[in-house]
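The UniProt record's numbering applies: residue 1 is where the first sequence begins, and numbers increase by one.
Quick caveat, the hints were computed from the structure, so don't treat them as lab data. From a predicted model like this one, the values you see are computed outputs, not experimental measurements. Hints are supplied without guarantee of correctness; some may be wrong.
27 angstroms max Cα-Cα, derived DSS-like pairs, lysine-lysine [to be verified]: (1) Lys154 <-> Lys52; (2) Lys34 <-> Lys332; (3) Lys338 <-> Lys155; (4) Lys154 <-> Lys31; (5) Lys31 <-> Lys120; (6) Lys338 <-> Lys62; (7) Lys440 <-> Lys154; (8) Lys51 <-> Lys41; (9) Lys208 <-> Lys338; (10) Lys305 <-> Lys283; (11) Lys62 <-> Lys484; (12) Lys484 <-> Lys447; (13) Lys62 <-> Lys52; (14) Lys62 <-> Lys332; (15) Lys342 <-> Lys72; (16) Lys208 <-> Lys120; (17) Lys169 <-> Lys44; (18) Lys62 <-> Lys31; (19) Lys484 <-> Lys438; (20) Lys338 <-> Lys443; (21) Lys338 <-> Lys447; (22) Lys52 <-> Lys305; (23) Lys208 <-> Lys52; (24) Lys44 <-> Lys447.
Have a look at the derived ranges for each label pair, beta carbon to beta carbon [unchecked claim]: (25) Arg178 <-> Ser92: 25 to 33 angstroms; (26) Gly368 <-> Pro329: 31 to 39 angstroms; (27) Pro158 <-> Gln77: 21 to 29 angstroms; (28) Gly266 <-> Cys87: 46 to 54 angstroms; (29) Glu212 <-> Lys31: 47 to 55 angstroms; (30) Thr448 <-> Gly266: 48 to 56 angstroms; (31) Met131 <-> Asp30: 50 to 58 angstroms; (32) Lys72 <-> Pro480: 55 to 63 angstroms; (33) Asn159 <-> Leu487: 50 to 58 angstroms; (34) Thr71 <-> Asn166: 41 to 49 angstroms.
Cβ coordinates follow ideal geometry from the N, Cα and C atoms, glycine included.
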Amino acid sequence: MASHHQGGADLLSRIALNDNKAGMEGLDRDKINKIILETSKGSKFYENELKKEQQVNQRIEKMMEQKARITKEQLKQAQAEVDKLTCELERSRELGRVIVHVDMDAFYAAVEMRDCPELKDKPMAVGSMSMLSTSNYHARRFGVRAAMPGFIAKKLCPNLVIVPTNFDKYRAVSAQVREIFSEYDPHFMPMSLDEAYLDITEHLEQRKHWPETMRTYHICDAKTGNDADRSAAESERDELSPVLFEDSPSSSPSLSGADGKAEVFGTSAEEAVREMRFRIEQKTSLTASAGIAPNMMLAKVCSDKNKPNGQYRIPPERQVVMEFMKDLPVRKVSGVGKVTEKMLAALGIVNCDQLSQQMALLSLLFSGTSWHNFLHISLGLGSTCIERDSERKSMSTERTFGEMSDAEEQYSLCRDLCHDLAQDLQREGLKGKTVTLKLKNVKFEVKTRAFTLQYAVCTEEEIFAAAKDLLKVEIDSVSPQPLKLRLMGVRVSGFISAEDKKPLQRSIMGFLQKDGSDSGSFTQCAGSVLKAQEDSDGASFLKPQSTEMKVPSVSEQKSKSKGTQQQSFFQRAQLKRLQQQEQEQMSVMAAKSLSNTNSGTDTTSYFLTCPVCNTEMKDVNLTAFNNHIDECLKGSAVDNEPTHLDAPKEQEELNSKPPASSSESRALKSSSHDPSCNEEKPSTSISVPLVETDEDGDFKTPFFSHRTKINGKRSVISKKKMPVCESSCKASLTTTHNLEAVTEMSSDSKGSSLTCPVCSQPQSTDDLALFNRHVDMCLNQEVLLEFRESHPPVGHSDEPALKSVRGQQGSSPLPPSKKIKVLSTKHTIDKFFKSNAGQKV
DNA sequence: GGGGGAAGGACCA
DNA sequence: TTCCTGGTCCTTCCCCC
Numbered sequence: 001m002a003s004h005h006q007g008g009a010d011l012l013s014r015i016a017l018n019d020n021k022a023g024m025e026g027l028d029r030d031k032i033n034k035i036i037l038e039t040s041k042g043s044k045f046y047e048n049e050l051k052k053e054q055q056v057n058q059r060i061e062k063m064m065e066q067k068a069r070i071t072k073e074q075l076k077q078a079q080a081e082v083d084k085l086t087c088e089l090e091r092s093r094e095l096g097r098v099i100v101h102v103d104m105d106a107f108y109a110a111v112e113m114r115d116c117p118e119l120k121d122k123p124m125a126v127g128s129m130s131m132l133s134t135s136n137y138h139a140r141r142f143g144v145r146a147a148m149p150g151f152i153a154k155k156l157c158p159n160l161v162i163v164p165t166n167f168d169k170y171r172a173v174s175a176q177v178r179e180i181f182s183e184y185d186p187h188f189m190p191m192s193l194d195e196a197y198l199d200i201t202e203h204l205e206q207r208k209h210w211p212e213t214m215r216t217y218h219i220c221d222a223k224t225g226n227d228a229d230r231s232a233a234e235s236e237r238d239e240l241s242p243v244l245f246e247d248s249p250s251s252s253p254s255l256s257g258a259d260g261k262a263e264v265f266g267t268s269a270e271e272a273v274r275e276m277r278f279r280i281e282q283k284t285s286l287t288a289s290a291g292i293a294p295n296m297m298l299a300k301v302c303s304d305k306n307k308p309n310g311q312y313r314i315p316p317e318r319q320v321v322m323e324f325m326k327d328l329p330v331r332k333v334s335g336v337g338k339v340t341e342k343m344l345a346a347l348g349i350v351n352c353d354q355l356s357q358q359m360a361l362l363s364l365l366f367s368g369t370s371w372h373n374f375l376h377i378s379l380g381l382g383s384t385c386i387e388r389d390s391e392r393k394s395m396s397t398e399r400t401f402g403e404m405s406d407a408e409e410q411y412s413l414c415r416d417l418c419h420d421l422a423q424d425l426q427r428e429g430l431k432g433k434t435v436t437l438k439l440k441n442v443k444f445e446v447k448t449r450a451f452t453l454q455y456a457v458c459t460e461e462e463i464f465a466a467a468k469d470l471l472k473v474e475i476d477s478v479s480p481q482p483l484k485l486r487l488m489g490v491r492v493s494g495f496i497s498a499e500d501k502k503p504l505q506r507s508i509m510g511f512l513q514k515d516g517s518d519s520g521s522f523t524q525c526a527g528s529v530l531k532a533q534e535d536s537d538g539a540s541f542l543k544p545q546s547t548e549m550k551v552p553s554v555s556e557q558k559s560k561s562k563g564t565q566q567q568s569f570f571q572r573a574q575l576k577r578l579q580q581q582e583q584e585q586m587s588v589m590a591a592k593s594l595s596n597t598n599s600g601t602d603t604t605s606y607f608l609t610c611p612v613c614n615t616e617m618k619d620v621n622l623t624a625f626n627n628h629i630d631e632c633l634k635g636s637a638v639d640n641e642p643t644h645l646d647a648p649k650e651q652e653e654l655n656s657k658p659p660a661s662s663s664e665s666r667a668l669k670s671s672s673h674d675p676s677c678n679e680e681k682p683s684t685s686i687s688v689p690l691v692e693t694d695e696d697g698d699f700k701t702p703f704f705s706h707r708t709k710i711n712g713k714r715s716v717i718s719k720k721k722m723p724v725c726e727s728s729c730k731a732s733l734t735t736t737h738n739l740e741a742v743t744e745m746s747s748d749s750k751g752s753s754l755t756c757p758v759c760s761q762p763q764s765t766d767d768l769a770l771f772n773r774h775v776d777m778c779l780n781q782e783v784l785l786e787f788r789e790s791h792p793p794v795g796h797s798d799e800p801a802l803k804s805v806r807g808q809q810g811s812s813p814l815p816p817s818k819k820i821k822v823l824s825t826k827h828t829i830d831k832f833f834k835s836n837a838g839q840k841v
């Protein structure tokens with residue numbers, strides 16, 4: 001606590017040499033640290049580290065204040081709780097499993113040295129001038145280590161050879177090693193390319209009964225990389241694997257007693273692991289270190305004990321485990337990093353014995369999760385169950401670059417990242433609901449901004465739609481200053497479960513009977529209509545929130561009924577800003593040509609299944625598919641559906657668009673067509689090519705696109721087609737504006753009509769106010785509830801939206817128009833917050 | 001008070 | 001001149017139910 005205010009000294013704990021790594025013992029730490037410090041000083045990175053260090057110091061100071069307030073009584077109580085839990089944990093201690101942690105020695109560097117023998121005697125590292133992935137043991141003597149920038153490493157060791165990474169090669173070697181692992185534990189858990197946990201309990205059980213021949217391995221010339229063939233009688237032992245590390249405790253302990261022809265391995269755990277390491281070396285010419293213990297935590301620590309090219313075992317006896325833990329520095333334990341280390345050090349805790357002594361105090365200063373973890377560590381407990389194939393939680397991609405201040409470039413990069421991420425997601429068949437944008441500015445300050453969509457996404461367009469809005473908010477927040485970035489990343493998380501992922505395509509009936517989203521849209525639609533009554537301005541008529549599944553913008557998503565109630569203060573502020581800037585954004589985006597990802601006539605062929613007749617259509621383009629569905633619908637069993645159900649559908653279709661900016665409205669007007677035109681025209685709107693369902697089994701993409709628009713053409717699931725004008729959305733990336741066009745045109749060209757979303761009857765739109773009044777009259781609670789009750793939801797995620805509508809209806813005497821308004825467009829949401837939730841802030 | 005989203009951060013390889 | 005990438009988990013804050 002003494003030196004918290006001396007930046008330089010403090011900073012050492014963050015950026016100075018971490019000699020925790022193998023091969024780092026006995027270095028001239030002071031000299032190395034001086035070089036690191038001098039090279040770093042004054043840089044933005046250094047400044048940021050200083051800031052972070054101060055934050056940690058503040059945390060420590062707070063903790064110490066808290067500690068000072070702890071009474072003896074509290075401590076006594078805490079000790080009792082600790083003792084109780086300790087007893088329970090002791091009782092459940094499991095020593096029966098034999099867990100092995102195998103770690104390849106300086107993996108990337110070793111592979112490069114193997115393939116380029118000239119490097120063997122030189123200090124070398126793998127990586128670049130900006131960052132090193134790993135270094136060989138020669139280089140480590142100079143203080144060169146993984147996660148160190150190359151230019152600093154060069155200062156420490158001017159003769160350092162830096163080799164660029166070659167992941168394909170490492171992956172190939174890793175595959176060879178994993179093949180061997182799987183013979184000892186078919187369910188082994190790979191942690192990275194060079195590391196894995198194995199549970200060899202079963203293997204040892206069988207091994208006991210194995211004859212010697214099954215445990216005999218002949219020695220190959222490691223250089224050739226041949227398999228160590230169990231049955232090969234003659235095999236030369238000309239040369240062992242290259243000695244990668246001259247300070248290796250024993251280059252190949254397994255062979256110290258070998259007679260040069262073959263090695264017979266015993267049946268014990270040590271022998272099995274020695275055999276495994278021997279085979280790895282024979283196969284890859286690379287050495288591995290291993291730890292053997294009753295649980296994963298201990299095995300991990302053990303594998304580090306005799307690194308490189310060694311192994312260590314903790315036998316399954318409580319006393320031995322406790323003895324081993326006693327002197328172990330807490331930092332050696334996986335999960336204890338530099339921050340935790342420093343916080344514990346402030347409490348006088350450096351090794352696990354001290355950790356154990358101070359547990360009561362820790363239980364009062366740290367969260368339950370944290371101190372339970374500390375307790376486990378101090379007792380030498382860890383997981384005894386190797387869980388393989390645990391489900392991935394997120395997927396991301398990020399890029400670091402030189403300063404980037406140009407917004408256009410940033411959007412473009414963002415799109416690139418979304419493109420890459422979409423490919424990765426699709427390769428693994430994943431779809432997630434949360435899109436997170438990560439930004440690091442030139443000051444090394446990291447920001448993440450996330451948005452959770454109402455459905456899972458995996459395409460570039462879908463991800464970009466959300467990411468670019470998040471980016472825009474950040475760009476605008478510093479405007480007119482440019483956002484100066486050095487890193488951008490995009491992540492998708494909140495994956496839908498494998499169950500939900502099954503690509504089920506529902507029948508048209510299933511679709512029509514489905515659930516809350518329709519009703520939700522219905523109410524939203526109605527709300528929009530009602531909203532239009534308030535706006536005497538014809539241009540803002542019908543501004544429903546988007547149900548467009550293709551590329552809804554964040555702002556559109558945010559205005560979903562469910563979402564409105566979950567807006568955080570930040571979100572509300574963000575939403576407001578988004579709204580204010582929507583108009584500008586659209587013109588900016590248009591100007592920047594970021595919207596024309598799919599301009600021109602779509603000639604792409606797809607394999608699609610008609611949702612009406614279930615016919616599989618090969619090599620069909622979207623327009624033809626669209627036409628097919630239209631034809632199908634004309635003669636389909638939609639007759640079974642009460643007529644009034646179709647109308648909301650229609651209206652939902654039409655409402656599947658966000659509000660247009662006035663400039664776009666003008667654009668729409670100027671490009672106005674005959675409202676009944678149905679011909680296909682190129683569109684700038686993005687078509688989504690896959691036939692899938694979302695997590696709720698809802699139709700996604702083409703079919704939904706069909707419902708909204710495919711390749712510029714809007715089709716409506718109804719026997720009555722709505723007038724459509726397709727070339728109306730030139731300006732927008734994320735939105736289509738057909739309804740706007742319809743209404744624009746409807747009001748422009750006398751005599752056109754719109755179908756009432758409630759009663760399905762075509763209504764003249766010559767007078768919008770009249771039309772609105774008609775809808776208002778049609779729209780009443782009975783209709784809504786009747787609709788709901790005759791079409792119960794089937795567990796759809798949008799159901800809460802309806803519940804909230806009902807709830808409000810039930811609890812409030814407001815007329816339907818008022819109630820629904822709450823769920824309507826984003827333009828009303830702002831007002832809603834001001835008048836309702838906004839008051840709470 | 002619990003659940004869940006968002007943001008940030010620790011930690012790992 | 002130059003300090004990564006991709007992942008998980010935890011904590012804190014906030015809102016809603």
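Results of checking the hints against the structure:
1. Between the alpha carbons of Lys154 and Lys52 the distance comes to roughly 26 angstroms, so the proposed pair stays at or under 27 angstroms and holds.
2. Only pairs whose Cα atoms come within 27 angstroms are accepted, and Lys34 paired with Lys332 is accepted, the gap being roughly 25 angstroms.
3. A distance of roughly 24 angstroms separates the Cα atoms of Lys338 and Lys155; the hinted pair therefore holds under the 27 angstroms criterion.
4. A C-alpha spacing of about 14 angstroms is found between Lys154 and Lys31, which places the hinted pair at or below 27 angstroms, so the restraint holds.
5. Taking the CA atoms of Lys31 and Lys120, the gap is about 26 angstroms. The hint holds against a cut of 27 angstroms.
6. Between Lys338 and Lys62 the alpha-carbon distance is near 18 angstroms, which keeps this suggested pair within the 27 angstroms criterion.
7. Taken as a hint, the Lys440 and Lys154 pair is honoured in the structure, with Cα atoms around 26 angstroms apart against an allowance of 27 angstroms.
8. Pair hint Lys51 plus Lys41 holds up; C-alpha atoms about 13 angstroms apart against a cutoff of 27 angstroms.
9. Distance hint between Lys208 and Lys338 is unfulfilled; the C-alpha atoms sit about 43 angstroms from each other, more than 27 angstroms.
10. Taking the CA atoms of Lys305 and Lys283, the gap is near 24 angstroms; set against the 27 angstroms cutoff, the hint holds.
11. For the hint linking Lys62 to Lys484, the alpha-carbon distance of about 33 angstroms lies beyond 27 angstroms, and the restraint is violated.
12. For the given pair, Lys484 sits about 13 angstroms from Lys447 by alpha-carbon distance, which is consistent with the 27 angstroms threshold.
13. Under the criterion of a C-alpha separation no larger than 27 angstroms, the hint pairing Lys62 with Lys52 is consistent with the structure, at around 15 angstroms.
14. Of the supplied pair hints, the one linking Lys62 and Lys332 holds, its CA atoms being roughly 26 angstroms apart against a limit of 27 angstroms.
15. With a C-alpha separation of about 25 angstroms, the suggested pair Lys342 and Lys72 falls inside the 27 angstroms cut-off, and the hint holds.
16. Of the pairs offered as hints, the one joining Lys208 and Lys120 is violated, with about 40 angstroms between alpha carbons and a cut-off of 27 angstroms exceeded.
17. Of the supplied pair hints, the one linking Lys169 and Lys44 is violated, its CA atoms being roughly 34 angstroms apart against a limit of 27 angstroms.
18. With a CA separation close to 33 angstroms, the supplied pair Lys62 and Lys31 exceeds the 27 angstroms bound.
19. Taken as a hint, the Lys484 and Lys438 pair is honoured in the structure, with Cα atoms around 13 angstroms apart against an allowance of 27 angstroms.
20. At roughly 22 angstroms between alpha-carbon atoms, Lys338 and Lys443 fall within 27 angstroms of each other, so this suggested pair holds.
21. Our distance criterion of 27 angstroms between C-alpha atoms is met by Lys338 and Lys447, whose separation comes to about 21 angstroms.
22. Annotation: proposed proximity of Lys52 to Lys305 is violated, straight-line Cα distance about 31 angstroms (limit 27 angstroms).
23. A distance of roughly 54 angstroms separates the Cα atoms of Lys208 and Lys52; the hinted pair therefore is violated under the 27 angstroms criterion.
24. Restraint check for Lys44 and Lys447: satisfied, since their Cα atoms lie roughly 16 angstroms apart, inside the 27 angstroms limit.
25. For the hinted restraint 25 to 33 angstroms between Arg178 and Ser92, the CB-CB distance of approximately 32 angstroms keeps it satisfied.
26. Restraint check, Gly368 to Pro329: a C-beta distance of roughly 24 angstroms breaks the suggested window 31 to 39 angstroms.
27. The given range of 21 to 29 angstroms is broken by Pro158 and Gln77, whose C-beta atoms sit roughly 59 angstroms from each other.
28. At roughly 38 angstroms, the beta-carbon separation of Gly266 and Cys87 lies outside the given 46 to 54 angstroms, and the hint is violated.
29. Taking 47 to 55 angstroms as the suggested C-beta distance range, the pair Glu212 and Lys31 conforms, at roughly 53 angstroms.
30. The hint said 48 to 56 angstroms for the Cβ distance between Thr448 and Gly266, and at roughly 52 angstroms that hint holds.
31. As the Cβ distance of Met131 to Asp30 is approximately 25 angstroms, the hint placing it in 50 to 58 angstroms is violated.
32. Taking the beta carbon of each, Lys72 and Pro480 are about 59 angstroms apart, inside 55 to 63 angstroms as hinted.
33. Taking the beta carbon of each, Asn159 and Leu487 are about 31 angstroms apart, not inside 50 to 58 angstroms as hinted.
34. At about 60 angstroms, the CB distance of Thr71 to Asn166 disagrees with the hint of 41 to 49 angstroms.
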